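Participant: Build the full structure now, drawing on both the sequences and the hints.
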Amino acid sequence: MNLKQLTLKSIHYRKTILEIIYNGGAGHTAGSLSCVDILNVLYNNILDITPNNFQSIKRNRYIQSKGHSVEALYTVLCDKQFFSLNDLKTLNNFNSHFIGHPTRKVNGIEHNTGALGHGLSVAVGIALANKLNKNNYNVYTLLGDGELSEGSVWEALNSAKKYQLDNLIIIIDRNKLQITGKTEDVNPIEPLNDKFKSFGLEVKEVEGNNLEELNLIFNKTPFKKNKPNLIIANTTKGKGISFIENVVKWHHKVPTKEEYEQAINELNLQEKKYS
Amino acid sequence: MNNIIEKANLEVFAETLLELGKKNKDIIVVTSDSRGSGKLVPFGEKLPEQIIEVGIAEQNLVGISAGLSAGGKTVFAVSPSSFLTARSLEQIKNDVAYSNHPTKLIGISSGISYGQLGSTHHSIHDLAVLRTINNITIVVPADNFETRESIKQSVNYNKPIFIRFGKKPMMKIHNDNQNFQIGKAIKVLIGSDVTFIAIGETVQRAVLASDILKKEGISSTVVSMHTLKPFDEKTFLESLIGSKALITIEEHSINGGLGEKCASIISQNNINIPFKILGIPDEYMINGSQSDVLDHYDMEPEKISKIAKKMLK
Ligand SMILES: Cc1ncc(C[n+]2csc(CCOP(=O)(O)OP(=O)(O)O)c2C)c(N)n1
Ligand SMILES: [Mg+2]
Chain A
0 MNLKQLTLKS IHYRKTILEI IYNGGAGHTA GSLSCVDILN VLYNNILDIT PNNFQSIKRN
60 RYIQSKGHSV EALYTVLCDK QFFSLNDLKT LNNFNSHFIG HPTRKVNGIE HNTGALGHGL
120 SVAVGIALAN KLNKNNYNVY TLLGDGELSE GSVWEALNSA KKYQLDNLII IIDRNKLQIT
180 GKTEDVNPIE PLNDKFKSFG LEVKEVEGNN LEELNLIFNK TPFKKNKPNL IIANTTKGKG
240 ISFIENVVKW HHKVPTKEEY EQAINELNLQ EKKYS
Chain B
0 MNNIIEKANL EVFAETLLEL GKKNKDIIVV TSDSRGSGKL VPFGEKLPEQ IIEVGIAEQN
60 LVGISAGLSA GGKTVFAVSP SSFLTARSLE QIKNDVAYSN HPTKLIGISS GISYGQLGST
120 HHSIHDLAVL RTINNITIVV PADNFETRES IKQSVNYNKP IFIRFGKKPM MKIHNDNQNF
180 QIGKAIKVLI GSDVTFIAIG ETVQRAVLAS DILKKEGISS TVVSMHTLKP FDEKTFLESL
240 IGSKALITIE EHSINGGLGE KCASIISQNN INIPFKILGI PDEYMINGSQ SDVLDHYDME
300 PEKISKIAKK MLK
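Protein chains in written order, with numbering that gives the first Met the number 0: chain A, 0 to 274; chain B, 0 to 312.
Check each hint, because a few of them may be wrong.
[As the list claims (entries may be wrong)] Simulated restraints on C-beta separations: (1) 2/A with 21/B: 53 to 63 Å; (2) 193/A with 19/B: 36 to 46 Å; (3) 257/A with 266/B: 57 to 67 Å; (4) 128/A with 243/B: 53 to 63 Å; (5) 11/A with 44/B: 38 to 48 Å; (6) 21/B with 157/A: 40 to 50 Å; (7) 282/B with 84/A: 20 to 30 Å; (8) 21/B with 85/A: 46 to 56 Å; (9) 257/A with 10/B: 26 to 36 Å.
[As the list claims (entries may be wrong)] Calculated from the model, a selection of chain A residues having no Cβ within reach of chain B, i.e. all distances over 10 Å: (10) 18; (11) 22; (12) 50; (13) 82; (14) 88; (15) 130; (16) 218; (17) 221; (18) 231.
Simulated from the structure, these hints should not be mistaken for lab results.
Quick caveat: nothing in here was measured; it's all calculated off a predicted structure.
For each residue, glycine too, the CB sits at the ideal point set by N, CA and C.
Facilitator: The structure is reproduced here in structure tokens:
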């Protein structure tokens, strides 16, 4: 997809995210808006994961370790025809498989996440299997920045380095917020870039809501032979909606009717500008 | 009973802890990005010196809490029960229980409080796994009163203790002059036909079922078994005298919780009584709100009363 197509997709995705959260009465609004541009570029231009090849292990993989932002993932998978919008609209209904965290009961979901700090180890495992199977498929995984406080993340990084997993691409949604507030107040994690480098990773930083930059950087993955890849995506939590951006409480706040309408208005204006 | 709905036990916990913390500067609360979920924002604002935040790192949370306890502090480690008891189980086992530090482990939003957030967030394993760990007390308060009392008593409790509760407003079960003691079950109702042994927030479901049964001339004993370990065998056995059926109710897996504890006691005491364990069965759990899920798994008061009637036939 070209930049214009990607831009319109992101606007469309943001609308769907807000719609399903508003109708479903629950969801992780800001974290989904923060990472949806990353998912947009991955699923539309990089991964080549489709309903047709999903059952095969001979393809790229995407593991969303920050499982709470599942609404962004559902939205993109729905657009990629893994299920219908009507199915997705059952989000949070009794007996629906569409719940507030990824589950493999939903077509297109790779791994059940929701407890933070698990996805990277699983991604390392798949990347190792790809090496053992001597194939060239990559494993992409998305982590939250608050999630980096989990020790298991750093255990997994050690293994990734040891096994020289250049087929592993780790993306950090660096929106600088978590539930309680700023990551640097709750549990400071800087200097992040240096920490990752010292763990033997090839580290790049991008503007994580800039589709052009994301597209460029993902097209360069894997970066280097024998080194695991890590991209610090500097994002804005709640990106795209003026009154949600960088506001802590929107971590899992659901829009009221007025807020929902205002948000959709803002997105409609953005859409007009680009089309 | 006149069904008065009070606050969420979670709220009562937070208010009680704030009161206690103001008077006792040794009380330290430890959180893992769980301050808001634990309703502890006021605590943090009023007593900023008495709260430690470790970030999203539950193993670290429990380890640090054990260390603070070893350093003479009165420590409440507060995190969602799912993560606290699964992620940090080894820290609980070794650093708290085995090393015998009187750390207070507070499992918030326990059972299936998180509803549609799904199995990663549910704790239907917590009671079972902690039952197998030596030297830790397990308390699951039924209502606001039991919550307040268990938190207060935990301060001077000189052993490892785990207390878990949910976040929905609860029905008032007890009067404030009720005697409460960790380790001593409370008979909420005394009847002659059917005995309900319930734990935590399912006590209210047992009471509501007994209301339905009462209208049909069936009288119930309802016991709030708020302390699962050490288990009050005496009150349990007393509640069975003359009873014609036993039903246990728990917001937990049917494996390894209250029901199986009761089964073990009745079989070892050669008691023969129709017996039913209500809880979450071993299957891919249905998705829904907490109350819809409990209702689905036969813990709806109407369904409970039907089960009781069938057992009495
Ligand atoms: C093991 C574990 N602990 C706690 C939580 C509760 N929780 C859900 S989201 C979240 C904050 C995540 O912050 P971050 O990783 O920065 O994600 P983002 O800002 O992208 O939403 C927390 C603490 C969890 N899901 N898993
Ligand atoms: Mg974040």
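Participant: All hints, please: hold or fail.
Facilitator: Right, here's what the structure says about each hint:
1. 2/A with 21/B: 53 to 63 Å: holds (58 Å)
2. 193/A with 19/B: 36 to 46 Å: For residue 193/A and residue 19/B the Cβ distance comes to about 42 Å; the hint holds.
3. 257/A with 266/B: 57 to 67 Å: At roughly 60 Å between Cβ atoms, residue 266/B and residue 257/A fall inside 57 to 67 Å, so the hint holds.
4. 128/A with 243/B: 53 to 63 Å: Distance hint for residue 128/A, residue 243/B holds at roughly 58 Å.
5. 11/A with 44/B: 38 to 48 Å: The hinted range 38 to 48 Å holds for residue 11/A and residue 44/B, with Cβ atoms some 41 Å apart.
6. 21/B with 157/A: 40 to 50 Å: holds (44 Å)
7. 282/B with 84/A: 20 to 30 Å: holds (29 Å)
8. 21/B with 85/A: 46 to 56 Å: Since residue 21/B and residue 85/A have Cβ atoms about 54 Å apart, the given range 46 to 56 Å holds.
9. 257/A with 10/B: 26 to 36 Å: Check passed, 28 Å falls within 26 to 36 Å.
10. 18: Given that every Cβ of chain B is farther than 10 Å from that of residue 18/A, nearest at about 17 Å, it holds.
11. 22: Correct as stated: the minimum Cβ-Cβ distance to chain B is 13 Å, above 10 Å.
12. 50: It holds; residue 50/A is separated from chain B by about 22 Å at its closest Cβ, greater than 10 Å.
13. 82: Holds, since 15 Å exceeds 10 Å.
14. 88: holds (14 Å)
15. 130: Label holds. Min Cβ-Cβ 28 Å, cutoff 10 Å.
16. 218: The claim holds: residue 218/A sits with its nearest Cβ about 32 Å from chain B, beyond 10 Å.
17. 221: holds (28 Å)
18. 231: holds (18 Å)
Checked against the numbered hints given earlier, this structure breaks none of them.
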